[in-house]
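K.L.:
The listed protein sequences derive, respectively, from chains C and D.
Mapping the first sequence onto the UniProt record's numbering, position 197 (from 1) lands on 197, and the numbers just tick up by one.
Mapping the second sequence onto the UniProt record's numbering, position 266 (from 1) lands on 266, and the numbers just tick up by one.
Check each hint, because a few of them may be wrong.
Cross-link-like lysine to aspartate or glutamate pairs, in silico, EDC-like; alpha carbons within 16 Å at most [claimed, not checked]:
{"hint": "1", "chain 1": "C", "residue 1": "Lys354", "chain 2": "D", "residue 2": "Glu186"}
{"hint": "2", "chain 1": "D", "residue 1": "Lys313", "chain 2": "C", "residue 2": "Glu357"}
{"hint": "3", "chain 1": "D", "residue 1": "Lys19", "chain 2": "D", "residue 2": "Glu47"}
{"hint": "4", "chain 1": "C", "residue 1": "Lys208", "chain 2": "C", "residue 2": "Glu357"}
{"hint": "5", "chain 1": "C", "residue 1": "Lys203", "chain 2": "D", "residue 2": "Asp51"}
{"hint": "6", "chain 1": "C", "residue 1": "Lys297", "chain 2": "C", "residue 2": "Glu12"}
{"hint": "7", "chain 1": "D", "residue 1": "Lys203", "chain 2": "D", "residue 2": "Glu227"}
{"hint": "8", "chain 1": "C", "residue 1": "Lys328", "chain 2": "D", "residue 2": "Glu305"}
Simulated DEER-style distance windows between Cβ atoms [what the hints assert, rightly or not]:
{"hint": "9", "chain 1": "C", "residue 1": "Gln121", "chain 2": "D", "residue 2": "Gly106", "range": "49 to 59 Å"}
{"hint": "10", "chain 1": "C", "residue 1": "Leu244", "chain 2": "D", "residue 2": "Asp51", "range": "42 to 52 Å"}
{"hint": "11", "chain 1": "D", "residue 1": "Glu187", "chain 2": "C", "residue 2": "Thr274", "range": "34 to 44 Å"}
{"hint": "12", "chain 1": "D", "residue 1": "Ser179", "chain 2": "C", "residue 2": "Ala325", "range": "24 to 34 Å"}
{"hint": "13", "chain 1": "D", "residue 1": "Lys19", "chain 2": "C", "residue 2": "Lys317", "range": "54 to 64 Å"}
Just so you know, these hints were derived from the structure itself, not from any lab.
In this text, a Cβ means the ideal position worked out from N, Cα and C, and glycines have one as well.
Each chain, letter by letter, is given below.
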Amino acid sequence: MSLIEQVEKQFETFQILTEDGKVVNESAMPELSDEELQELMTRMVYTRIWDQRAISLNRQGRLGFYAPVAGQEASMLGSQYALDKEDWILPGYRDIPQIVFHGLPLYQAFLYSRGHFGGGQIPEGVNVLMPQIIIGAQIVQAAGVGVGLKKKGKKNVAITYTGDGGASQGDFYEGLNFAGAYNAQTIFVVQNNRFAISVPVEKQSAAKTIAQKAVAAGIEGIQVDGMDVLAVYSAVKQARERALNGDGPTLIETLTYRYGPHTMAGDDPTRYRTEDLDSEWTKKDPLVRFRTFLEGKGLWSEEQENKVIDQAKDDIKAAIKKADAAPKQKVTDLIGFMFEELPHNLKEQLEEYKAKESK
Amino acid sequence: MAQMTMIQAITDAMRTELKNNENVVVFGEDVGQNGGVFRATEGLQSEFGEDRVFDTPLAESGIGGLAIGLGLTGFRPVMEIQFFGFVFEVMDSVVAQAARMRYRSGGVYHSPITIRSPFGGGVKTPELHADNLEGLVAQAPGIKVVIPSTPYDAKGLLISAIRDNDPVVYLEHMKLYRSFRGEVPEEEYTIEIGKADVKREGKDVSIITYGAMVHSSLKAAEELEKEGISAEVVDLRTVSPLDIDTIIASVEKTGRAIVVQEAQKQAGVGATVVAEINDRAILSLEAPVLRVAAPDTVFPFAAAEDVWLPDYKDIVEKAKTVYNF
Numbered sequence: 001m002s003l004i005e006q007v008e009k010q011f012e013t014f015q016i017l018t019e020d021g022k023v024v025n026e027s028a029m030p031e032l033s034d035e036e037l038q039e040l041m042t043r044m045v046y047t048r049i050w051d052q053r054a055i056s057l058n059r060q061g062r063l064g065f066y067a068p069v070a071g072q073e074a075s076m077l078g079s080q081y082a083l084d085k086e087d088w089i090l091p092g093y094r095d096i097p098q099i100v101f102h103g104l105p106l107y108q109a110f111l112y113s114r115g116h117f118g119g120g121q122i123p124e125g126v127n128v129l130m131p132q133i134i135i136g137a138q139i140v141q142a143a144g145v146g147v148g149l150k151k152k153g154k155k156n157v158a159i160t161y162t163g164d165g166g167a168s169q170g171d172f173y174e175g176l177n178f179a180g181a182y183n184a185q186t187i188f189v190v191q192n193n194r195f196a197i198s199v200p201v202e203k204q205s206a207a208k209t210i211a212q213k214a215v216a217a218g219i220e221g222i223q224v225d226g227m228d229v230l231a232v233y234s235a236v237k238q239a240r241e242r243a244l245n246g247d248g249p250t251l252i253e254t255l256t257y258r259y260g261p262h263t264m265a266g267d268d269p270t271r272y273r274t275e276d277l278d279s280e281w282t283k284k285d286p287l288v289r290f291r292t293f294l295e296g297k298g299l300w301s302e303e304q305e306n307k308v309i310d311q312a313k314d315d316i317k318a319a320i321k322k323a324d325a326a327p328k329q330k331v332t333d334l335i336g337f338m339f340e341e342l343p344h345n346l347k348e349q350l351e352e353y354k355a356k357e358s359k
Numbered sequence: 001m002a003q004m005t006m007i008q009a010i011t012d013a014m015r016t017e018l019k020n021n022e023n024v025v026v027f028g029e030d031v032g033q034n035g036g037v038f039r040a041t042e043g044l045q046s047e048f049g050e051d052r053v054f055d056t057p058l059a060e061s062g063i064g065g066l067a068i069g070l071g072l073t074g075f076r077p078v079m080e081i082q083f084f085g086f087v088f089e090v091m092d093s094v095v096a097q098a099a100r101m102r103y104r105s106g107g108v109y110h111s112p113i114t115i116r117s118p119f120g121g122g123v124k125t126p127e128l129h130a131d132n133l134e135g136l137v138a139q140a141p142g143i144k145v146v147i148p149s150t151p152y153d154a155k156g157l158l159i160s161a162i163r164d165n166d167p168v169v170y171l172e173h174m175k176l177y178r179s180f181r182g183e184v185p186e187e188e189y190t191i192e193i194g195k196a197d198v199k200r201e202g203k204d205v206s207i208i209t210y211g212a213m214v215h216s217s218l219k220a221a222e223e224l225e226k227e228g229i230s231a232e233v234v235d236l237r238t239v240s241p242l243d244i245d246t247i248i249a250s251v252e253k254t255g256r257a258i259v260v261q262e263a264q265k266q267a268g269v270g271a272t273v274v275a276e277i278n279d280r281a282i283l284s285l286e287a288p289v290l291r292v293a294a295p296d297t298v299f300p301f302a303a304a305e306d307v308w309l310p311d312y313k314d315i316v317e318k319a320k321t322v323y324n325f
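Produce the entire structure from the sequences given, and follow the hints as far as they go.
P.N.:
Given below as structure tokens:
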């Protein structure tokens with residue numbers, strides 16, 4: 001067997017729940033109470049509704065930039081649920097649900113979408129960064145935060161998210177390598193939704209899995225069924241424990257799918273995806289699977305689901321209202337954020353724009 | 001003559017050169033199957049095959065290295081940086097590697113690369129997609145920097161860029177992609193890189209500009225006309241190297257000039273133009289040469305673009321200041 005075949009054999013997909021909600025990996029079942037299991041479902045349903053509302057608000061011109069998340073709920077929310085409140089999240093542009101459930105108020109997520117600096121004013125005690133736009137930039141920074149946490153003796157991790165496309169960037173390899181070299185308290189999650197905008201993962205790399213890229217960095221790597229919220233939760237929980245025990249960073253590849261377009265800014269997935277592939281993946285839907293599992297245990301009902309849906313709709317309405325009330329941005333605001341102390345050119349321009357704005 | 005948008009003219013230029021020269025290859029993120037996120041390469045892969053028009057992994061630095069490597073092996077690469085705000089990922093390839101190839105090899109090697117990229121503001125893209133970073137590349141010796149403002153110029157300049165044996169950064173202002181149509185010959189033609197174009201003749205004040213600001217300047221010139229001020233609008237078309245002759249001829253005629261750029265004021269193209277005018281035409285000047293530019297902050301989030309970007313009113317005001325000096 002060739003070296004590469006031997007490596008690839010080590011990266012079989014980790015799964016706990018099958019597509020029809022059956023437990024196939026009892027020994028790996030995470031220790032979660034009934035309430036915690038319900039909370040996971042609640043968050044996924046909530047996020048699915050939020051996604052639908054966000055798409056519709058975007059179409060009405062009331063939201064701005066939006067990258068749909070439907071299909072990725074298990075991958076996003078299962079991973080965040082395994083974190084401690086003090087852990088750090090370094091998100092990519094699509095990873096808004098994780099940072100909201102980590103403490104960023106929903107209305108600020110909407111302000112971020114609209115391109116308002118208020119979206120980035122993270123409240124104290126919420127350890128998240130602003131969503132990263134430059135693909136891969138968050139990965140090297142997450143290595144840095146993971147090193148910082150370790151040096152400060154904190155019992156916390158940094159977790160960062162990117163997509164399969166992000167795993168092509170040089171920064172991805174550098175981040176993994178740095179984290180390995182410094183034994184950083186970092187977890188790298190690659191949400192492999194199969195397309196970097198339009199380019200399929202098969203055309204992005206000769207490697208069969210993204211998880212195996214951990215090998216060259218000398219760190220742990222695992223491929224997880226990203227439509228299985230229990231498997232994702234469990235993998236992150238273990239990676240977290242490993243990091244805090246001083247056993248180093250982990251690369252987690254979650255196999256998932258985005259049902260919608262790359263973003264709402266003109267992307268048309270029918271140009272690069274087939275209906276067959278879409279329906280192959282909707283059969284793996286994370287909500288359907290987990291709902292079946294919970295119903296089997298008598299832990300979920302239509303009534304409960306409707307309650308979550310109503311709550312989500314109310315919250316979104318209130319958050320949009322709050323976002324609408326944010327003051328219009330001025331150039332003088334921007335100038336004020338440039339430096340702790342303004343240099344002469346900006347002082348001059350500040351006066352110029354103050355005069356302009358008061359007209 | 002065909003009526004085309006700027007983006008159609010750009011596609012047409014690539015099609016022309018893909019037909020003309022089998023060594024021309026076009027690549028970048030999403031440029032193949034998807035035809036580019038702005039559809040600049042629409043239809044080119046199906047027409048010329050995946051061998052010549054292809055998708056790359058999502059890695060700007062890799063794209064730059066690929067272009068340099070293909071250039072060294074006899075190809076004429078046309079690479080796309082999906083948004084010029086992502087150029088930092090590939091800056092080494094552009095300003096350090098491609099730009100120095102001729103010098104480092106004592107003239108043995110060169111980089112016949114065209115680096116196409118959408119840039120500029122006003123279309124409410126997410127953060128770091130819109131920006132005006134032309135000054136950064138214009139400061140790098142060894143690279144030409146071309147910025148068309150009309151569909152006609154876009155086609156002729158892109159064909160010239162692809163045929164050029166040195167690296168050319170070709171910047172496409174996003175706001176101009178589909179905002180209007182213009183006449184574009186279906187046959188091939190070139191426009192010399194490094195040649196400005198007087199887009200409107202005038203005698204009282206020169207407005208020297210490029211990119212989307214050409215259109216704001218033309219609008220400003222109309223407003224100024226109503227007040228009896230005759231403005232000449234010079235479209236640089238290439239910001240490095242500058243067309244000194246056209247700039248100086250215009251300033252010598254009008255005796256007054258403003259330089260208009262969408263980019264932040266600090267250390268930009270506009271500053272270089274002012275310096276060249278001072279060097280060469282100081283005795284023709286009736287007033288100081290002033291600049292219209294964005295403030296010296298980072299490029300703002302989408303919701304603040306409208307108040308941040310310079311507009312035609314700023315140009316009118318500055319032109320009047322110079323006129324009434």
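K.L.:
None of the hints should be skipped; say for each whether it holds.
P.N.:
Now the hints, each set against the structure:
1. C/Lys354 with D/Glu186: 50 Å, violated
2. D/Lys313 with C/Glu357: Status holds; Cα separation ~14 Å.
3. D/Lys19 with D/Glu47: Between D/Lys19 and D/Glu47 the Cα gap is close to 10 Å, so the pair holds against 16 Å.
4. C/Lys208 with C/Glu357: 56 Å, violated
5. C/Lys203 with D/Asp51: 14 Å, holds
6. C/Lys297 with C/Glu12: 28 Å, violated
7. D/Lys203 with D/Glu227: Measuring from Cα to Cα gives roughly 14 Å; hence the hint holds.
8. C/Lys328 with D/Glu305: Holds - the C-alpha atoms of D/Glu305 and C/Lys328 are around 11 Å apart, at most 16 Å.
9. C/Gln121 with D/Gly106: 49 to 59 Å: Hint holds: Cβ distance 54 Å, inside 49 to 59 Å.
10. C/Leu244 with D/Asp51: 42 to 52 Å: 50 Å, holds
11. D/Glu187 with C/Thr274: 34 to 44 Å: Since the Cβ atoms of D/Glu187 and C/Thr274 sit about 39 Å apart, the hinted range of 34 to 44 Å holds.
12. D/Ser179 with C/Ala325: 24 to 34 Å: The hint (24 to 34 Å, Cβ to Cβ) holds, given that D/Ser179 and C/Ala325 are roughly 33 Å apart.
13. D/Lys19 with C/Lys317: 54 to 64 Å: 55 Å, holds
Checked against the numbered hints listed earlier, the structure breaks hints 1, 4 and 6; every other hint is satisfied.
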